[in-house]
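Q: What follows is the residue order along each chain.
Protein chains: 2
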Amino acid sequence: MVTTGTGSGVTSGRRRPRRPRGSLNPEAIVAAALRVTDAEGIGALTFEALGRELGAHPTAIYRHFRDKDELLRALTDRLNEEAQLDGLPTTDDWRADLRRIAAAIHRAFLAHPAIGQLVPARTAAREHEFVTVEYIVSCMRRAGLPDAEAAACYRVFADFVLSYAGMDAALAALAPQTREAELLTWDVDYRRLPTDRFPHAAALSVHFPRLDDPANFALAVDLMIEAVAARAAARAG
Amino acid sequence: MVTTGTGSGVTSGRRRPRRPRGSLNPEAIVAAALRVTDAEGIGALTFEALGRELGAHPTAIYRHFRDKDELLRALTDRLNEEAQLDGLPTTDDWRADLRRIAAAIHRAFLAHPAIGQLVPARTAAREHEFVTVEYIVSCMRRAGLPDAEAAACYRVFADFVLSYAGMDAALAALAPQTREAELLTWDVDYRRLPTDRFPHAAALSVHFPRLDDPANFALAVDLMIEAVAARAAARAG
DNA sequence: ACCTGAACACCGTTCAAGT
DNA sequence: ACCTGAACACCGTTCAAGT
Chain A
124 MVTTGTGSGV
134 TSGRRRPRRP
144 RGSLNPEAIV
154 AAALRVTDAE
164 GIGALTFEAL
174 GRELGAHPTA
184 IYRHFRDKDE
194 LLRALTDRLN
204 EEAQLDGLPT
214 TDDWRADLRR
224 IAAAIHRAFL
234 AHPAIGQLVP
244 ARTAAREHEF
254 VTVEYIVSCM
264 RRAGLPDAEA
274 AACYRVFADF
284 VLSYAGMDAA
294 LAALAPQTRE
304 AELLTWDVDY
314 RRLPTDRFPH
324 AAALSVHFPR
334 LDDPANFALA
344 VDLMIEAVAA
354 RAAARAG
Chain B
124 MVTTGTGSGV
134 TSGRRRPRRP
144 RGSLNPEAIV
154 AAALRVTDAE
164 GIGALTFEAL
174 GRELGAHPTA
184 IYRHFRDKDE
194 LLRALTDRLN
204 EEAQLDGLPT
214 TDDWRADLRR
224 IAAAIHRAFL
234 AHPAIGQLVP
244 ARTAAREHEF
254 VTVEYIVSCM
264 RRAGLPDAEA
274 AACYRVFADF
284 VLSYAGMDAA
294 LAALAPQTRE
304 AELLTWDVDY
314 RRLPTDRFPH
324 AAALSVHFPR
334 LDDPANFALA
344 VDLMIEAVAA
354 RAAARAG
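Chains A and B, in that order, give the protein sequences.
For the first sequence, this note's numbering gives the first residue as 124, with consecutive numbering after it.
For the second sequence, this note's numbering gives the first residue as 124, with consecutive numbering after it.
Each hint should be verified, as a subset may be incorrect.
Treat identical chains as interchangeable: a pair holds within one or across any two.
[To be verified] Listed below are the simulated SDA-like cross-link pairs for lysine to any residue, each with C-alpha atoms no more than 20 Å apart in a straight line: (1) Lys191 with Ala357; (2) Lys191 with Arg302; (3) Lys191 with Gly164; (4) Lys191 with Ile165; (5) Lys191 with Ala304; (6) Lys191 with Gly178; (7) Lys191 with Phe253; (8) Lys191 with Ala338; (9) Lys191 with Thr301; (10) Lys191 with Ala154; (11) Lys191 with Pro149; (12) Lys191 with Ala167; (13) Lys191 with Gly166; (14) Lys191 with Gln300; (15) Lys191 with Glu305; (16) Lys191 with Gln207; (17) Lys191 with Ala298; (18) Lys191 with Ala162; (19) Lys191 with Asp270; (20) Lys191 with Ala356; (21) Lys191 with His180; (22) Lys191 with Val311.
FYI, nobody ran anything at the bench for these hints, they're computed from the structure.
Fair warning: this is a prediction, and the values are worked out from it, not measured in the lab.
Given only the sequences and the hints, what does the whole structure look like? Please build it.
A: This is the structure in structure tokens:
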């Protein structure tokens, strides 16, 4: 829900009242930006719209963020924070722990798809990223992998989760009618592939899961975890 | 290398000669757009710059593409085409075949990172995509998976490759100094993590592979393939 | 110290007028 | 049928002037 600054039904030419000192801060700006992008997408995130949402002058935001890119980085870090909000207990089952953090990241990205789609392109080293790194590295060590291989598997698992979740977010961020058109393409075009040129795809097209089926991400995560477990077993055996 | 339209050293105010009829076509425009983005990044792809590269009026492009989004879709399809350029032989080793197509896509994305980073967000069903789908589905069937599971594994493997390669492209697309700063962050900040709060990450940080190490993608692909093989073996056994 | 108003540069898109 | 010139709307950013 996007609220106007004052809510009073003044004529559009009327001056907005000056905001009190210090009422504008990075957290409030990030929260407002998230409301704007959740409601209207990344394309609607302009300084004009953000100022309206905050009840502040559009350029007042430059007091707290050097430019739009710095604001976007803050928004992506906010998503990392939200992924950890429910808490991430470490149990005695490293596989379940990996599934838990993957699901938490995927959930946060789909809750704010306009921002989630931006994350893979931005590897900002911020406070809330460190916690995720620690959690995944811990899982890889408990799996029984030697240090160098645990580090390599951490990097691969973390980047796989970020990039796949970001792609799912990009699909979810499309305007509803555009997204439906994409999904329809798969349902229609792919089921009409000529059997002579595309025999395998034509034969299996009825089984293709929908692009936005959450089972896709879950299966990808499971495959990754099984492969890590197999490597750990090979080291131990 | 970005060439000017005519190459003649005319003064900037001089009118450019009218282009002959039909000399402008989608292929020429896509090729010119790829030259611009390869040399100066996605931010430099404006109608103004593209017109300059083509020696044509900026708005002449609207004759062949409805808007900028349609041009970008054509560019992403061009990357799919390029990934298949070397030819994709089907051998009797489905694992090697999956590695081959994954590497071909990764290579094409990194050859044109500014466009590669856009692909995961755009699931355009175009001619050159169908070929990739057929190839991967064929591998999954030869692995011995039953139809429904082969279809699910195709979807997951294809989207995993696209999203991971797109993320690698996004890093490669950064301006050199920005990219170096990102990589330095990992080399410096992560090796100074406080041991009390981040014991596992601090212990393994010296082993973290570089973000732009091509071995990361190769390892991710291998893990996926091993997991698919294990599932196929479980079905057979 | 912080906020506001105005101006500037840039870019996608449209369209009537040309050839 | 195709291309060109000009105009329009929009947006990020800067900065001098206000409180």
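Q: A separate judgement is required for each hint: does it hold in the structure or not?
A: Structure-based check of each hint:
1. Lys191 with Ala357: This pair counts as neither: shortest intra-copy Cα distance 48 Å, inter-copy 51 Å.
2. Lys191 with Arg302: Only across copies: Lys191 and Arg302 sit 19 Å apart there, 27 Å inside one copy, limit 20 Å.
3. Lys191 with Gly164: both (15 Å within a copy, 18 Å between copies)
4. Lys191 with Ile165: Both ways: Lys191 and Ile165 sit 12 Å apart in one copy and 17 Å across, limit 20 Å.
5. Lys191 with Ala304: between (31 Å within a copy, 19 Å between copies)
6. Lys191 with Gly178: within (18 Å within a copy, 33 Å between copies)
7. Lys191 with Phe253: neither (24 Å within a copy, 38 Å between copies)
8. Lys191 with Ala338: Neither way: Lys191 and Ala338 sit 35 Å apart in one copy and 33 Å across, limit 20 Å.
9. Lys191 with Thr301: Between copies only: 16 Å across chains, 26 Å inside a chain, cut-off 20 Å.
10. Lys191 with Ala154: So Lys191 and Ala154 pass the 20 Å test inside one copy only (15 Å; across, 31 Å).
11. Lys191 with Pro149: Within one copy only: 13 Å inside, 34 Å across.
12. Lys191 with Ala167: Classified as both; 13 Å inside a copy, 18 Å across copies.
13. Lys191 with Gly166: both (13 Å within a copy, 15 Å between copies)
14. Lys191 with Gln300: Classified as between: cross-chain Cα gap 19 Å, same-chain 28 Å, threshold 20 Å.
15. Lys191 with Glu305: between (30 Å within a copy, 18 Å between copies)
16. Lys191 with Gln207: Answer is neither; intra-copy 25 Å and inter-copy 38 Å both fail.
17. Lys191 with Ala298: between (23 Å within a copy, 17 Å between copies)
18. Lys191 with Ala162: Within one copy only: 19 Å inside, 24 Å across.
19. Lys191 with Asp270: neither (39 Å within a copy, 48 Å between copies)
20. Lys191 with Ala356: Answer is neither: 47 Å inside a copy and 51 Å across each miss the 20 Å cutoff.
21. Lys191 with His180: within (15 Å within a copy, 31 Å between copies)
22. Lys191 with Val311: The answer is neither: 40 Å in one copy and 26 Å across copies each exceed 20 Å.
In this structure, the earlier hints numbered 1, 7, 8, 16, 19, 20 and 22 are contradicted, and the remaining ones agree with it.
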